[in-house]
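Turn these sequences into a full structure, and let the hints steer you where they fit.
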Amino acid sequence: MLAQDLRRPRAADLHEAGLDGGAGAAGAPFGPLAGVWQTADAIIGFGTERLRREVLPEIARGEATFWQGYSEPDAGSDLLALKTEARRDGDHYVIRGHKIWSSHAGISSYGLVFARTSREARRSRGFSMFVVRNGTPGMDIRPIRSLTGEVYHHEVFLDDVRVPADLMLGPEGEGFQALLNGLDADRFWGRFYKAPALQRVLRQLVEHANTTRAGGGPLARDPGVRRRLAAMAAELAALRLLFYRAGCLIRDGVPLTYETAMAKVYADETGQKLARLGMDLLGLWGPLRDGSPGAKLGGRISHAYLTSLGHTIAGGTAEVLRTTIAVRGLGLPAEPRAR
Amino acid sequence: MDFRPSASQQILISTARTFLRQHCPPELAQRLALDARGFDDALWQRLAELGWPGLLVPPDFGGSGGSLLDVIVLVEEMGRAGLPGPFVASAVVATSLLISVASAAQQKRLLPPLAAGERLATLALVEETGSFDPGAVALDCRVPGRLTGRKLFVKDAHVADELIVAVRERGELSLLILPTDRPGITRVALDTLSGEKLFEVAFDGVEVSADDRLGAAGRARPALPAALQAGALARTAEMVGAAQHVLELVVEHAKTRVQGGRPIGGYQAIQHSCADLVRHVDASRALLYAAAWKASEGLPAEVDVSMAKAYAGEACLEVARRGHQIFGAISYCAEHPLHLFHKRIHAASLDFGDAQLHLEAVAGAIGLAS
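Chains as they are written, first to last, in the working numbering: chain A, 41 to 379; chain B, 152 to 521.
Any given hint could be a false lead.
Restricting the straight-line Cα-Cα distance to at most 30 Å, the calculated cross-link-like pairs of lysine-lysine (DSSO-like) are [to be verified]: (1) K336(A) x K313(A); (2) K313(A) x K445(B); (3) K445(B) x K259(B); (4) K406(B) x K494(B); (5) K494(B) x K445(B); (6) K494(B) x K313(A).
Keep in mind the hints are simulated off the structure, nothing from the lab.
What follows is the structure, encoded as structure tokens:
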């Protein structure tokens, strides 16, 4: 794929990437791939010469992955409350702060660290983004064990981490606008694989219903089960179409307001609903872990049930996104900020 | 894949929107819903002049040979305006059946006046079981012979000139086309919430000859699904249009109704409700267009139609119900437009197959053992 082509998803790329069923439907672990595409997009769009020369080829070779250093203990949905600061020192910046909920940070090669570079009258100005190589002195990455028992997120302590100034991504002080501009692509790439992946789970549940006996016949004959699975199939078809539509709008460069926010909420809530349905169908076997004696469908449903809880929180909570849909999409007045 | 209407469909949409805004304001839709006949001859005449009743009819019979997708985008606008009347029954479903099963002579006789909007036809399918499944038809008829029995929930039978009646002939499905004024046919109006005109049609020894048969004896089974799918899609389009209208009303209200010193749309409780309505409308429309496109291209679309109909029935009804909650007390008034759209969506969700029928079709298609 040429560098130019990375900037916007084209129909052909979407198919290659799995929207048409490939990767997602095969249940491929999606991992940090979305972050790689977004970062490549940003570097091609407004990266320095050094970022283009050093980082882009690494991405192209499949050697670079990225974690996002956005959230902080006191800055979640209100990202602008973040306290991490980057202070200019000659041809370097010195970053000091504390990031949290950074996915894959322990196994990635770079962090995208969002930090305040100046105090400005406007609350949304004065932020900048830095591409910080893992292992830079002063960076301490600690795993956070999640409710699934696995490590997915990390917290990162940045104790006077020195970063060359030309590893800043985008113009100084305009980081928040760049972040906002990238949100549509972020939400799209972060969730586009979901409909085919969920359709795969649905097929497994259908198979389970067909092969499980309940009340003298297959579970599949239970009218309630039939209805819930069929309604879910319709929801997943709708979800897939909404992502196709969002992808086409992004491809065509049509300005978006609410489309990807809506698609993300829908994807995440539908995923939760499907996992809940799966747990219902599995009954007592539902909460068995992967690898447990007697576990059905490889214990994947219990895992999906737990991980789906995080999906309506990560990358913009369902509440924040609904507000976005209402304010940006429908033009409803924003709630006044508390003083 | 493209998600936007073609240039000619965009013209159709904007023409329809302008026309309906002028000639079918909400007050007229309300008045017609309460009126026993509920049919505005002048309005029908005007939309006939635009060629809408002939949209599906081939040019040889006086129509414009449009696609089902063209019809769907038009009916969505009709649903948005709350246009009442026999368009779907006559110009979509009955017309589809005539195109697919009628003999050449019947088409020559029946299609031109239908395309011109001069005559109206409607399908009499449903019986005591309340099912739109053609397999549920039990009304027996010998041809030639006499027809005795009844059909239920026949739309716009009072203004229809012809009834297309599904019957069993030696156990197999046949379609009859009977003039509504034939002796022995009586039409009893049902009193509906929506103001849609539905009838119980009774046949009391009605004389039926071989000329009254539409197509060949016992051969109606293969033709019915496509026409019923067209009906289901058209009713889905009405629901999507009506839900879109409700969403617009709700958003306007949320921006202008001030409580506690600011517009209620500035409160998150209202914002989040509105955000859900957008999703319901957009997802319903996405399924509708995908199914209509497939059907228009002649691709197998049965499952897509069923998904769209079942999904939109649920989602658009939710839009109406939440709409009432956001509007508050004012929407409880008879003169407020919301309840009519709500009732229309409800009626449409049941027509040409309710969620149960369509979800069962989906259940089979996704491989659930029966």
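Status of each hint after checking the structure:
Of the supplied pair hints, the one linking K336(A) and K313(A) holds, its CA atoms being roughly 19 Å apart against a limit of 30 Å. A C-alpha spacing of about 28 Å is found between K313(A) and K445(B), which places the hinted pair at or below 30 Å, so the restraint holds. Taking the CA atoms of K445(B) and K259(B), the gap is near 28 Å; set against the 30 Å cutoff, the hint holds. A threshold of 30 Å between alpha carbons decides the hint, and for K406(B) with K494(B) the separation of about 25 Å falls inside it, so the pair holds.
Between K494(B) and K445(B) the alpha-carbon distance is near 29 Å, which keeps this suggested pair within the 30 Å criterion. Among the hinted pairs, K494(B) with K313(A) is consistent with the structure: their alpha-carbon atoms are about 29 Å apart, no more than 30 Å.
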